[in-house]
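Here's the letter readout for the chains.
Protein chains: 2
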Amino acid sequence: MVWSGNKNTKKIPDIVIEERLPKYLRALTRMQENGGVERVSSEDLGKALNYSAAQIRKDLSYFGRFGKQGQGYDVKKLVQRLREILGLENKQWNMALVGVGGLGRAIVGYGRFAPQGFKIVAAFDHDPAKVGKKVGTLVVKDMKELGDTIKRENIQIGIVAVPASAAQQVIERLEEAGVKAILNYAPITAPRGKAKIQDIDPVLKLQSMTYYLKQDDQIGKK
Amino acid sequence: MVWSGNKNTKKIPDIVIEERLPKYLRALTRMQENGGVERVSSEDLGKALNYSAAQIRKDLSYFGRFGKQGQGYDVKKLVQRLREILGLENKQWNMALVGVGGLGRAIVGYGRFAPQGFKIVAAFDHDPAKVGKKVGTLVVKDMKELGDTIKRENIQIGIVAVPASAAQQVIERLEEAGVKAILNYAPITAPRGKAKIQDIDPVLKLQSMTYYLKQDDQIGKK
Chain Z
1 MVWSGNKNTK KIPDIVIEER LPKYLRALTR MQENGGVERV SSEDLGKALN YSAAQIRKDL
61 SYFGRFGKQG QGYDVKKLVQ RLREILGLEN KQWNMALVGV GGLGRAIVGY GRFAPQGFKI
121 VAAFDHDPAK VGKKVGTLVV KDMKELGDTI KRENIQIGIV AVPASAAQQV IERLEEAGVK
181 AILNYAPITA PRGKAKIQDI DPVLKLQSMT YYLKQDDQIG KK
Chain R
1 MVWSGNKNTK KIPDIVIEER LPKYLRALTR MQENGGVERV SSEDLGKALN YSAAQIRKDL
61 SYFGRFGKQG QGYDVKKLVQ RLREILGLEN KQWNMALVGV GGLGRAIVGY GRFAPQGFKI
121 VAAFDHDPAK VGKKVGTLVV KDMKELGDTI KRENIQIGIV AVPASAAQQV IERLEEAGVK
181 AILNYAPITA PRGKAKIQDI DPVLKLQSMT YYLKQDDQIG KK
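In the order they appear, the protein sequences are chains Z and R.
For what it's worth, my numbering labels the leading residue of the first sequence as 1, then goes sequentially.
For what it's worth, my numbering labels the leading residue of the second sequence as 1, then goes sequentially.
Check the hints yourself; a few may be wrong.
Each pair may be met inside one copy or between any two copies, as identical chains are not told apart.
[Unchecked claim] With a straight-line Cα cutoff of 30 Å, these simulated BS3-like cross-link-like pairs (lysine-lysine) come out:
{"hint": "1", "residue 1": "K214", "residue 2": "K77"}
{"hint": "2", "residue 1": "K194", "residue 2": "K11"}
{"hint": "3", "residue 1": "K134", "residue 2": "K47"}
{"hint": "4", "residue 1": "K11", "residue 2": "K130"}
{"hint": "5", "residue 1": "K47", "residue 2": "K11"}
{"hint": "6", "residue 1": "K196", "residue 2": "K58"}
{"hint": "7", "residue 1": "K11", "residue 2": "K77"}
Hints in this document: simulated from the structure, not taken from any laboratory.
As the structure is a computational prediction, the values presented were derived from the model and not from experiment.
All chains should be modelled from the sequences, with the hints used to inform the complete structure.
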């Protein structure tokens, strides 16, 4: 493979892909939209993201040369290249939602998925009282139809919004049906399986901060 | 300070506090609730969380001795101690929500905050059409009342559910009002300020997985 500019064939650390590149893209897109920024230095991008300029230069160097010394990055080109790298260029990713309770309904109503190329095209529940009812523009399907629908609709991403007790089984069924990536809103850590899994648990995030709040409280009392 | 059992005065890495301890607590609580598990080895806890046993033993050693060689950890005691460490013991944390659009309403309706000791006690919006209306059991207040309410209601945590364009200013106002921790649902990276901030952005999580999906696609086409 000849890919000019990319001399770096080292394995790219997961944290670059999973944490930092999406944040670079988000910050650069906002710079474009808000201020019409055309060029940005690694220093300024770093400031916007609480990273060092060196970190940014190193991360981007995995994918080729984007900037010229002293001129900064061309924002439009960098956005385009990051979208390509992350698999977001000219592509819609179809998603299936499992679990149409309050949380599932909120997920269907979340306004930022579709504009970013992520479309929920099917919703499932095991509760007969919910099957056949509408959620947004979708008609809730029975879990029995999961496998067939995923194949027919070319669904590659699953969203899990069921209670913790059901989550493990739902994740396995999604994996069996061929889903390669799962956004898991259930409060469990799924064992490593066939799919990539990313968890969203706001309670964990809160608990990660209360440790520090508690320290402040104790200092305040002294 | 005399604190028996804790001989370790090294600084505890942030990743232990912010990522792993809350996950240990979540997994142990589930073991208690589901199977009535009384003792667990670092190996089994590791398996449930995709961590090594050595990692778990090392993390917990920062806070004292919890297990006896060959007998595993006493689940009930470890849960209790983790709750103390994380500042969750016998305590309710009061939270203020800013932004009562679709996302904000979903956050008020989210069932897992209150049982875990996190209570939304006030909701704010800058839109006069929303102020005075109800969201859940709360009456939406005007942003003008933010500072006074935070002091009066002893609110230490803010939840930001406003659009990206307003988020920076809202975060600053929460910090000025004395909030020490912020759960940020707006798609921005806030600059480091006075408060601890944790972000929740499901689009970033999806984008962190599409890189790998794209690789699979390309392999599939070869």
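Give the relationship of K196 and K58 under a CA distance limit of 30 Å: within one copy only, between copies only, both, or neither. both (25 Å within a copy, 27 Å between copies)
Measure nothing new, just compare the shortest in-copy and cross-copy C-alpha distances for K11 and K130 to 30 Å and report within, between, both or neither. neither (46 Å within a copy, 51 Å between copies)
Identical-chain pair category, K47 with K11, by Cα at 30 Å: both (27 Å within a copy, 26 Å between copies)
Indicate which option fits the pair K214, K77 if close means a Cα-Cα distance not exceeding 30 Å: within, between, both or neither. between (45 Å within a copy, 20 Å between copies)
With identical chains treated as interchangeable, where does the CA-CA distance between K134 and K47 reach 30 Å or less: within a copy, between copies, both, or neither? neither (45 Å within a copy, 39 Å between copies)
Go through the copies and call it for K194 and K11: within, between, both or neither, with a Cα cutoff of 30 Å. within (21 Å within a copy, 37 Å between copies)
At 30 Å max between alpha carbons, let me know whether K11 reaches K77 within a copy, between copies, both or neither. within (24 Å within a copy, 42 Å between copies)
The structure fails to meet hints 3, 4 from the earlier list, while all remaining hints are met.
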